[in-house]
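> Chain by chain, the residues:
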Amino acid sequence: MVSFLVTAPILVPLATALLTALYAGRPRAQQAMSLAGALLLLASALALAIQVQGGEAVRLTLGGWAVPFAIELVADRIGAAMTLVAAVMGVAALVFQLSDADPAPLSPALYPLVHALLAGVGGAFLTADLFNLYVWLEVMLIASLGLLAHGTAKRHLEATLKYFVLNVFGTLLILMSVAFLYAVTGHLNYSAIERASSAIDPTFLLPFVAALTVALLIKCGAFPLFAWLPAAYHTLPAPILALFAALTTKVAVYALLRLLGGVFFRAPAALFEALGWIAVATMLAGVMGAAYHWDMRRILAFHIVSQIGYMLLGIALATPTGDLGTIFYVIHHILVKANLFLIAAIVFRLTGSYDLRRIGGLYAAKPWISVLFLVPALSLVGIPPLSGFWAKFILVRESLALGHGVWAAAALLVGFLTLYSMTKIWSEAFWKDHPREDWRPAEDARLTPALAVTCGLAALTLVLGAWPEPFVRYARVAAEVLRAGGGS
Amino acid sequence: MIWAVALGAAALVSAGVYLALLRDVLRSVIGLSLIGAGANLVVLGAGRVASTVPAIVPGGSQTISGAVANPLPQALVLTAIVIGFSLTCFSIAVALAVQQTMRVADSDLLISAEPPPASNGYPPVLDEEP
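Protein sequences appear in the order of chains H and R. Each position in the first sequence, counted from 1, maps to that position plus 34 in the numbering used here. Each position in the second sequence, counted from 1, maps to that position plus 919 in the numbering used here.
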């Protein structure tokens, strides 16, 4: 029976989405139900993670077929860890929504869409079937389009359209490459594809694997096809923005890690070499884009792009330690990035704008919020005692060990340039005086839920930074299992 | 037969890419749905087009004898068609809403979420309720 636990991170949010949709007319009940569903998801993800901790992956084959033909759900260490972090972010976003710091406008569709998004994320993390991966990515896409189109102002429609066009192109490319890989290997199950592809010339398989890689890179927001991300994210309200920042691109990174690390690891080295240079270009393009902007949301959205570059770098290194770096980086990044967006919303609530030229004076007025901002901001940069340092340290050291000096140098340079953006936010929003003489921080702000969420996430960042050892050990075993076990 | 499927997919994808690259928003979303139709044909072709006999296991036996159509790509393509149809409807609705609210159909003129730099080179303030 324990194997049915692996369906919970999909079924719980789906059921919650249905229930909240049924209670569309009663906002209070809907909100309570939505929070309860998110907590249940967190509990089931936690149970799954504890189950997997012992070493054995939890597997479930659906439909009564034998293994290579049945649709398989697998929670191994990486999948379970990612599901757990996604569930944490779901709870964080829904609790943050209770505050009045830039919450999403309430409408009957809001909670069903959030839970549908979580269901898609859970499915993508736990499936061991290539076509199912496509389906779950589509579920995520549909839910996120609904959330983007939730606002009806001009900028929301425009963002929805821009987000739609490149993302749909990405999913269609995934569908086509899945079809080609099925045509060549005769399988859709990850481990079956891995076994079947061992008998196929890797060079013959390369075009199809490369097409799948490009498609997933579009969904990651990698250079040069990241334009959809900074075009759309800043139009979202804060809790939804944090959820997007935490999950949508990271699902594609996870899929890329799983497929290139565990299924198609025999692909020619040229593919990984190309991925490494794409990673470098992604890091640089993101950080440069961020340097131009003055709106906190736009700065942070461009930093998602640059951080995606680091995660891709770990995959491109194509060693267990590189994969370990990516796993650690993804988990660190989800906690830190979502937290920065949420803190930006608190700053917005207190000062009245997201634009750094219109705000200031928060350090004098609310010193604790400044400290709260510094934890994720310095962690994003990679300052030593924080989680980002360990994530970058693993990747840079492994790049140097493999002789990729330029990649390591780019990673360090981009870390330095990230410091520029974070210093800009620090000095403009916190350090300098508010441009209006008579400005006082908003007194009537209802920030308790927002502060609880952001302090909680900052505490997780501190724990990850102060005691990285157990997490690194967990991720190391996960990375080794990924390579040895053929993906699932 | 497989060549007909391949040619059909190629024609749909190239027509779709041509339309999707146009700056008219409605044409580009219709182009994307044409690419989707091409992708569906690719999925169908991936299972090899050989037989038209449905894959039904006769009563009392465990396996199929003789050449039958591969049922798996049919199941896959059915899923993909449903998803593609819903996304096409959604995207046309969004494209029409964009045209109606902004009074432009050119994607180069969609600048309310991403305004161009002000005259001093700085990004303009997104002065709005978020």
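Worth flagging that the hints you see were computed from the coordinates, not collected in a lab. Because the structure is a prediction, the values reported are computed rather than measured. Be careful, since some hints might not be right.
[Claimed, not checked] Below, in silico cross-link-like pairs of lysine to any residue (SDA-like), each with a Cα-Cα straight-line distance of 25 Å or less: (1) H:K188 x R:Q981; (2) H:K458 x R:T1007; (3) H:K466 x R:F1009; (4) H:K188 x H:L140; (5) H:K466 x R:P1042; (6) H:K458 x R:A1024; (7) H:K400 x H:C489; (8) H:K466 x R:V1044; (9) H:K188 x R:L991; (10) H:K188 x R:D1027; (11) H:K188 x R:N989; (12) H:K188 x H:I234; (13) H:K188 x R:S1038; (14) H:K188 x R:L926; (15) H:K458 x R:D943; (16) H:K458 x R:L940; (17) H:K458 x R:Q1019; (18) H:K188 x R:A1012; (19) H:K458 x R:F1009; (20) H:K188 x R:A974; (21) H:K188 x R:I975; (22) H:K188 x R:L931; (23) H:K466 x R:A1037; (24) H:K188 x R:V972; (25) H:K188 x R:A956; (26) H:K458 x R:V1044; (27) H:K188 x R:P973.
> Against the structure, test the hints numbered earlier, and report the numbers of the ones violated in rising order.
1, 2, 3, 6, 9, 11, 12, 14, 15, 16, 17, 19, 20, 21, 22, 24, 25 and 27
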